[in-house]
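2 protein chains.
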Amino acid sequence: MSLARHKRFLGIDLGGANIKAALMNGDKKVIKTIHLYTPFWKNLDVVNSSLKKIRDDFGETEYQFITMTGELSDVFKNRKEGVLKLTKILTGVFTTPKLRILLHNMQFISPRKLKGNFSSIASTNWLATSTFVSKKMKNGIFLDFGSTTTDVIPIKNSKVIAIGKNDHERLFHNELLYTGFTRTPLMSLSQKIVFRKRKIPLMAESFANTGDIYRILNLLPKELDIQETADGKEKTFTASCRRLARMVGLDKENADVSEWKKLAENFYKIQERLIYKSCMKIVKSFDPETEINIVTAGSGSKVLEKIIKNLILALGNKKTKHLPIRNFIFLKKNIRDYEVASCASAIAVVDLGLDLFKSQNIL
Amino acid sequence: MSLARHKRFLGIDLGGANIKAALMNGDKKVIKTIHLYTPFWKNLDVVNSSLKKIRDDFGETEYQFITMTGELSDVFKNRKEGVLKLTKILTGVFTTPKLRILLHNMQFISPRKLKGNFSSIASTNWLATSTFVSKKMKNGIFLDFGSTTTDVIPIKNSKVIAIGKNDHERLFHNELLYTGFTRTPLMSLSQKIVFRKRKIPLMAESFANTGDIYRILNLLPKELDIQETADGKEKTFTASCRRLARMVGLDKENADVSEWKKLAENFYKIQERLIYKSCMKIVKSFDPETEINIVTAGSGSKVLEKIIKNLILALGNKKTKHLPIRNFIFLKKNIRDYEVASCASAIAVVDLGLDLFKSQNIL
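Chains R and D are the protein sequences, given in the same order.
Counting from 1, one number per residue, gives the positions in the first sequence under our numbering.
Counting from 1001, one number per residue, gives the positions in the second sequence under our numbering.
Just so you know, the hints here were simulated from the structure itself, not pulled from any lab data.
Careful, some of the hints might be misleading.
Computed cross-link-like contacts, BS3-like style, restricted to lysine-lysine with a CA-CA straight-line distance of at most 27 Å [as the list claims (entries may be wrong)]: (1) K1252(D) / K113(R); (2) K1269(D) / K1306(D); (3) K1284(D) / K1269(D); (4) K77(R) / K1042(D); (5) K42(R) / K1233(D); (6) K1197(D) / K192(R); (7) K252(R) / K1113(D); (8) K42(R) / K1042(D).
Reference listing, derived: stretches of chain D covered by chain R, where coverage requires no fewer than 3 residues with Cβ under 8 Å from a Cβ of chain R [claimed, not checked]: (9) 1067 to 1076; (10) 1162 to 1168; (11) 1182 to 1189; (12) 1202 to 1212; (13) 1238 to 1247; (14) 1251 to 1261.
Not the full set, but computed from the structure, chain D residues with beta-carbon under 7 Å of chain R [claimed, not checked]: (15) R1079; (16) L1171; (17) F1172; (18) Y1178; (19) R1198; (20) D1231.
Where is the CB? At the ideal position from N, CA and C, for every residue including glycine.
Looking at chain R on its own, in the form it has when it is part of the complex (with noise of 0.2 Å):
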């Protein structure tokens, strides 16, 4: 029996709408996960309050492991401001010493290091997650399709081997694909669209997201249609089918169900295509006979079973096989496939720490 067994630690991925918390006990079994809508480009004290609510459900833990992407919103002025900030408002919380912020290097820092460390700290979260599965399988892909950002990560021999680092260069390279499952305005999927066979400009207005597509196309579960909607109004299949119509420029009453759904498939389509691509470049820079796991994770990694399922179907062998995150952790029974997925960051970020730590005798 392991020394830590009985201790309690927490991980944390404070991104930019969306906080999510996992609690491990030493034996890197999963007792917990928090999944917290915070919409803060509104208000900044929603990231106090959701990490106090954290802090309370999840009671005494003996070190906090951090990793964020929650720097790059628009209340602050740049990502060092976001960086400080955020890590302001974190130590007002956790005001043990014990808190480890994780660098690129997969490094932990206290917060009283912060400085110079501004650029290593940012963005690091699909870093966390696809370094903890690449020590579980040899080569193939990290998928992590949440809220607002699909992560596309080749893993090669137990490495990660990602080009860009920080936002900018991970766009470039489509390893950050700007496309989610929930928050991604319609207007920015396309310039145009099918609708009965015929392409239509899209109006460029925050009139509805892929929320509302997969509302419509029946893959977005109660538990997981945690935002609020474009237009404040209903998560139903109704009101959706409403905001839908609004970015061909008509109501839903000029159009019958069948013909609604059939446009949020086109819109599904684009989202698709961006992620096969992606992936399909990642499959053929693997020499022909090496077996390929795609892993997934995010609130919409039911999504990405879809797109996979195609994937290999396309490819034609067996050297491919998806594999959600959920084998690579050891969990409490009751947690259920869906937090797991949505949590899987900050999973992986406590997993990293613990392991860092019991390398270094700290634990």
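Dock chain D against chain R, hints included.
Just chain D now, kept in the frame of chain R:
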């Protein structure tokens, strides 16, 4: 001397983000204009206060002639509800029975006769302005580059020959380009943008809009810079560069001013191409010997001048001319160019109302 010279008539264009109004006397001289930023998708009450301000500023008027497009806002369930609710607010402010609403057939109706006319009331402002222009010239294009959208309307033999009547058809036929001078989110303009000679996928966030582009390019004068910014921060060159940088996953500090200017220029070029292409298509539909007038209006009409200059250069003939809409309007001297351009639709609707009433001997 006409009987109506000392009477006052009001024209209002009730848009989804802006309300424009023009006061005209019976000799069709424009006495005054007002342009009020009225973002009512957040709260419908602002429509009421903007209309009251217009009523109080302009004083007693004989008739009020209304054109609207605001019914498309997602504060309403659909366009029908939009027309109904906006009309209700109008009748609450202008208690006289002399309120008249424009229909697609260029007739006006009293608010009491709304029933059965909803779809004929929706989206008429482009028709008002282009019909007004069509009375003044034979062949050409009417261009209105507003805060949110651009109208590109062909006129042949003094007739508006646009194909689309509703928003959906107008989008399809490129007669309504959903791209504007200030409100358009940059994420809607393209999936990628050239920065430092590389095509960078855009962040799908409401980080910046076209107002930032024209602020950086020094084409957005203070008088027209009336809407809030994407992050709620300053309307300065520096703050606009900050917002622009976020679109490609960077901070302002990551590049120098000349690079942000170049990036802004690249976004501008996307809008330029859209407008240029739609105009060129119409120009080419005319017989090569035809004299073509391109008439410009809208808050962004200075930008249109730039685009048309290039178009005329590319055509290399002397048959195509640019005319600002001001040339067709009888104005009180103190009204400035940008006021006429911005409020052209309001001027047009009151002008059309007066023409019709005179022809029917109502005045």
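Status of each hint after checking the structure:
About 25 Å separates the Cα atoms of K1252(D) and K113(R), which keeps this hinted pair within 27 Å; it holds. The suggested pairing of K1269(D) with K1306(D) holds, with an alpha-carbon distance near 11 Å, which does not exceed 27 Å. Restraint check for K1284(D) and K1269(D): the C-alpha separation of about 22 Å stays at or below 27 Å, so the hint holds. Under the criterion of a C-alpha separation no larger than 27 Å, the hint pairing K77(R) with K1042(D) is consistent with the structure, at around 25 Å.
Distance restraint check for K42(R) and K1233(D): the Cα-Cα separation of roughly 12 Å lies within the 27 Å cut-off, and the hinted pair is therefore satisfied. Our distance criterion of 27 Å between C-alpha atoms is met by K1197(D) and K192(R), whose separation comes to about 26 Å. Distance restraint check for K252(R) and K1113(D): the Cα-Cα separation of roughly 25 Å lies within the 27 Å cut-off, and the hinted pair is therefore satisfied. Between K42(R) and K1042(D) the CA atoms are separated by roughly 14 Å; this keeps the pair inside 27 Å, and the hint holds.
Against chain R, the region 1067 to 1076 of chain D contributes 3 residues with a C-beta closer than 8 Å to a partner C-beta. That satisfies the three-residue criterion, and the hint holds. For the region 1162 to 1168 of chain D, the stated coverage by chain R is satisfied: 3 residues place a CB nearer than 8 Å to a CB of that chain, which reaches the threshold of 3. Residues of the region 1182 to 1189 of chain D with a Cβ under 8 Å from some Cβ of chain R number 5, which satisfies the need for three, so the listed coverage holds. Proximity of the region 1202 to 1212 of chain D to chain R, defined as three or more residues with a beta carbon under 8 Å from a beta carbon of that chain, is established by the 6 residues found.
By the rule of at least three residues with a Cβ nearer than 8 Å to a Cβ of chain R, the coverage given for the region 1238 to 1247 of chain D holds, with 3 such residues. Given as covered by chain R, the region 1251 to 1261 of chain D passes the check, having 4 residues with a CB less than 8 Å from a CB of that chain where 3 are the minimum. For R1079(D), the shortest C-beta to C-beta distance to chain R is roughly 5 Å, which falls under 7 Å, so the interface hint holds. The beta carbon of L1171(D) comes within 5 Å of a beta carbon in chain R, closer than 7 Å, and the hint placing it at the interface holds.
The restraint placing F1172(D) at the interface with chain R holds, with a minimum CB-CB distance near 5 Å, inside the 7 Å limit. The beta carbon of Y1178(D) comes within 5 Å of a beta carbon in chain R, closer than 7 Å, and the hint placing it at the interface holds. Because the beta carbon of R1198(D) sits about 6 Å from the nearest beta carbon in chain R, less than 7 Å, this interface hint is met. This hint holds: D1231(D) has a C-beta 4 Å from the nearest C-beta of chain R, less than the 7 Å allowed.
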